[in-house]
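J.: Chain by chain, the residues run as shown.
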Amino acid sequence: MNMEEEKRHTIVVLVDNEAGVLARVIGLFSGRGYNIDSLTVAEVDPVHKLSRINIVTTGTELVIEQIKALLSKLVPVHRVQDLTIEGPHVERELALVKVNGDRERLVQALRIADFMHARLVDSTPGSLVFEVTGSSDELDAFIALVEPVEVSRAGIVAIGRGDMILDGVSQDRE
Amino acid sequence: MTAQQTTAQPPVDVRSMTGAQVVLRALLDQGVEVIFGYPGGAVLPLYDALFQQNTIQHVLVRHEQAAVHAAEGYARSTGKTGVVLVTSGPGATNTVTGLTDALMDSVPVVCLTGQVPTHMIGNDAFQEADTVGITRPCTKHNYLVKKAEDLARIVHEAFHVASSGRPGPVVVDLPKNILMGEAPYIEKEAGRRRSYSPRREPDPGRIEEAVRLLARAERPIFYVGGGVVNSGPLACALLTELVRATGYPITLTLMGLGAYPAADPQYLGMLGMHGTYEANMAMHGCDVMVCIGARFDDRVTGRLDGFSPGSRKIHIDIDPSSINKNVPVDIAIVGDAERSLEAMLEAWKRVAPTVDRARVAPWWAQIERWRAVDSLRFRQHGEAIKPQHAIKRLYEMTRDRDPYITTDVGQHQMWAAQHFHFEKPRRWLTSGGLGTMGYGFPAALGVQMAHPEALVINISGDASWVMNMQEMSTAMQYRLPVKIFLINNGYMGMVRQWQDFFHGSRRAESYMDSMPDFVKLAEAFGARGLRATTVAELDRVIAEMLATDGSVLADIRVEKVENVYPMIPGGAAHNEIKLSPEDDGGHEPIAEDGMVLV
Ligand SMILES: Cc1cc2nc3c(=O)[nH]c(=O)nc-3n(C[C@H](O)[C@H](O)[C@H](O)COP(=O)(O)OP(=O)(O)OC[C@H]3O[C@@H](n4cnc5c(N)ncnc54)[C@H](O)[C@@H]3O)c2cc1C
Ligand SMILES: Cc1ncc(C[n+]2csc(CCOP(=O)(O)OP(=O)(O)O)c2C)c(N)n1
Ligand SMILES: [Mg+2]
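Chains as they are written, first to last, in my numbering: chain C, 13 to 186; chain F, 14 to 611.
What the hints contain is simulated information worked out from the structure, not anything from laboratory work.
The beta-carbon is built from N, C-alpha and C at its ideal position, and this holds for glycine as well.
It cannot be assumed that every hint is accurate.
To be verified - DEER-style ranges, computed between Cβ atoms: (1) F139(F) / E30(C): 26 to 32 Å; (2) K19(C) / M133(F): 43 to 49 Å; (3) F139(F) / S135(C): 50 to 56 Å; (4) N67(F) / E98(C): 40 to 46 Å; (5) E98(C) / M133(F): 29 to 35 Å; (6) G43(C) / F139(F): 57 to 63 Å.
Using the sequences and the hints given, assemble the complete structure.
T.: So this is what it looks like as structure tokens:
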């Protein structure tokens with residue numbers, strides 16, 4: 013195995029939803045010069061006040077191991093899961109894509125949206141906004157085809173398949 | 014200011030207490046005896062509460078950085094958590110160097126900082142600083158208390174986080190309205206945090222595997238660091254028992270000195286950049302390395318691709334992020350040193366009940382040849398005092414008194430590490446990871462507070478000592494008889510050495526002109542000042558220093574341009590170690606590849 017080879021990893025982290033927790037996670041990356049390719053965060057368990065952070069990062073095996081160890085060490089972190097290693101999972105992304113132009117251009121965009129399963133969520137006489145979800149590749153392809161004037165992407169959310177369940181509270185060590 | 018309303022669970026303690034009283038009560042429940050601090054507007058309520066009790070002693074330092082170093086000295090020499098109390102804004106920002114030092118060297122410290130009232134946070138209020146923002150990267154964890162009902166839990170949790178797992182500094186930022194308003198008290202054990210539970214017990218399977226590998230080794234070595242000292246005296250005793258049971262050699266890092274008795278024949282001395290020849294050569298040539306509570310620091314490993322190339326490596330550490338960080342290892346064991354050593358010892362007695370001395374005899378023969386090089390040798394001749402000689406004499410004249418030694422940073426620090434020897438843990442306190450000049454004197458005050466009867470000596474440098482010399486006032490106020498042994502070479506010696514080696518002897522800004530008269534300086538503070546300029550005076554000055562009851566500064570004028578040897582230049586491997594040249598004048602040229610490293 014080549015130790016120098018850089019690989020993309022999708023890591024999910026369950027944290028206490030408290031002030032400063034995102035700053036701790038981001039600071040860990042910026043302070044040590046690690047890459048963040050994508051990062052999303054939202055509360056997923058309002059009862060226990062847990063948020064889930066999905067991070068996509070690139071690094072050598074040793075660097076990824078460091079990142080996971082450092083994340084696990086943060087006091088508000090309950091669980092760290094490396095989906096790239098721990099098993100089959102699904103990754104999805106959402107984008108809002110705005111296309112401007114004359115009627116002909118908009119009709120063209122609608123046709124592309126139709127066969128690529130993008131949803132029209134807003135329209136004005138000169139513009140359309142599409143919502144598209146899918147793998148990052150699918151989003152890239154759609155965006156390349158419609159030549160938008162503006163794009164807003166949510167970043168990657170990921171989840172393990174089947175029995176692989178990340179549940180922060182019951183899995184905490186005593 | 015209006016009192017904070019507490020609407021959550023009713024307080025466990027029905028008496029109504031202010032936030033300041035709650036903090037104080039939590040400190041008492043945590044067993045705190047001493048606080049190092051400096052007052053200011055935002056923490057006046059806490060000072061008021063402190064004033065009205067006499068269980069906890071407050072030590073007034075003269076600069077908040079020194080408060081943290083003093084707390085570090087207190088912590089490292091006792092195993093307890095050091096406590097700091099400072100005001101908001103400049104009080105908090107002045108602690109940053111101390112906190113970073115404690116983080117790098119894994120020292121448990123709880124630092125309470127004042128903050129402007131919650132409703133003023135973010136307004137650029139007077140003496141407001143974003144303390145949690147500033148200290149986030151230099152603490153193990155930090156808190157801003159926003160609600161009175163969280164106060165007691167957070168203070169308790171801060172102590173738990175600071176002292177458990179890999180210890181470190183924790184900041185608790187306390188807005189003034191929280192301190193002044195009513196707050197409920199909760200007991201120490203209530204409401205432990207579920208997300209934080211560092212692992213202490215090692216994996217028995219891995220311990221077994223490690224011991225089996227160790228029992229077959231032909232060229233083994235133990236490489237042990239500050240983590241074993243952190244783990245406690247029992248861990249050090251178990252280490253000694255295990256190392257003796259195996260009959261294998263052991264080397265210690267700068268932070269590990271004292272974890273194993275220096276007088277023991279199996280001890281090879283310190284390793285690393287300024288470590289002994291035998292320790293570094295043995296690290297380079299070993300076939301099995303057991304690293305316990307050390308973190309493969311670059312001052313220890315030298316060039317990574319040349320680091321101990323032929324060995325199988327076992328690494329025991331309480332912090333999973335220390336493992337495989339710089340050097341990939343073969344057997345990784347996450348756990349507390351004490352528990353792991355206990356398990357290893359038990360396994361060793363089972364796996365290797367009889368010691369096979371013949372297996373490692375050729376290895377010891379090789380080590381003895383390296384040892385015969387006598388890499389720490391120096392020649393004291395003539396009138397001028399060699400710095401190594403000064404430290405050697407200090408050691409010889411104090412060794413019966415079980416002294417505590419703190420140092421600053423530079424050449425004197427390395428000579429102290431090489432020529433002062435420690436038979437017990439917690440006697441040696443130095444700033445290793447951050448290398449903070451100005452650490453030693455306030456740290457010594459912290460040690461003396463914890464051990465009032467002990468002999469506490471700060472071995473310092475002429476440049477370093479000036480960085481926190483204001484603490485002489487603190488020493489006088491609390492009658493702390495700390496001895497300062499100043500290795501005065503008139504240079505930032507370590508900087509000068511690197512300039513001579515790597516920058517064509519261009520000594521840019523490393524010479525200190527207009528140095529104070531240290532004897533008069535000590536006297537100005539009300540302490541005693543002594544001076545030695547010749548070898549003949551040295552012993553007399555040491556004796557007089559030791560015979561004096563109060564604090565003494567001994568200005569030891571040493572040879573100005575002595576270099577620290579051995580030296581593994583930055584970017585070199587262990588077997589490329591440079592020894593002291595025979596003539597005392599120059600030094601051998603060293604390749605400039607190491608220049609980019611620090
Ligand atoms: C001028 C200068 C020169 C220096 N030269 C040298 C030199 O020649 N040689 C040298 O060795 N150093 C030298 N240093 C110091 C060096 O920079 C590092 O600070 C030092 O090597 C680190 O020591 P350590 O590996 O023991 O780790 P520490 O910093 O003491 O870290 C302790 C390790 O143990 C772990 N740990 C903590 N508690 C426990 C526990 N309970 N159980 C198990 N593990 C635990 C921690 O997670 C950590 O990984 C020098 C410093 C300066 C300023
Ligand atoms: C706060 C701080 N600033 C700068 C340095 C860089 N530095 C390392 S050693 C040294 C010189 C120390 O001089 P002195 O205290 O006289 O000790 P000596 O090396 O002469 O024994 C300096 C400036 C440091 N370690 N810490
Ligand atoms: Mg000097």
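J.: Each hint: holds or not?
T.: Verification of the supplied hints:
1. F139(F) / E30(C): 26 to 32 Å: holds, 28 Å
2. K19(C) / M133(F): 43 to 49 Å: Given about 48 Å between the Cβ atoms, the range holds.
3. F139(F) / S135(C): 50 to 56 Å: Given a distance of about 53 Å, which is inside 50 to 56 Å, the answer is holds.
4. N67(F) / E98(C): 40 to 46 Å: Violated: the Cβ-Cβ distance is about 56 Å, outside 40 to 46 Å.
5. E98(C) / M133(F): 29 to 35 Å: About 46 Å separates the Cβ atoms of E98(C) and M133(F), which means 29 to 35 Å is violated.
6. G43(C) / F139(F): 57 to 63 Å: violated, 30 Å
Violated hints, in rising order: 4, 5, 6; the structure is consistent with all others.
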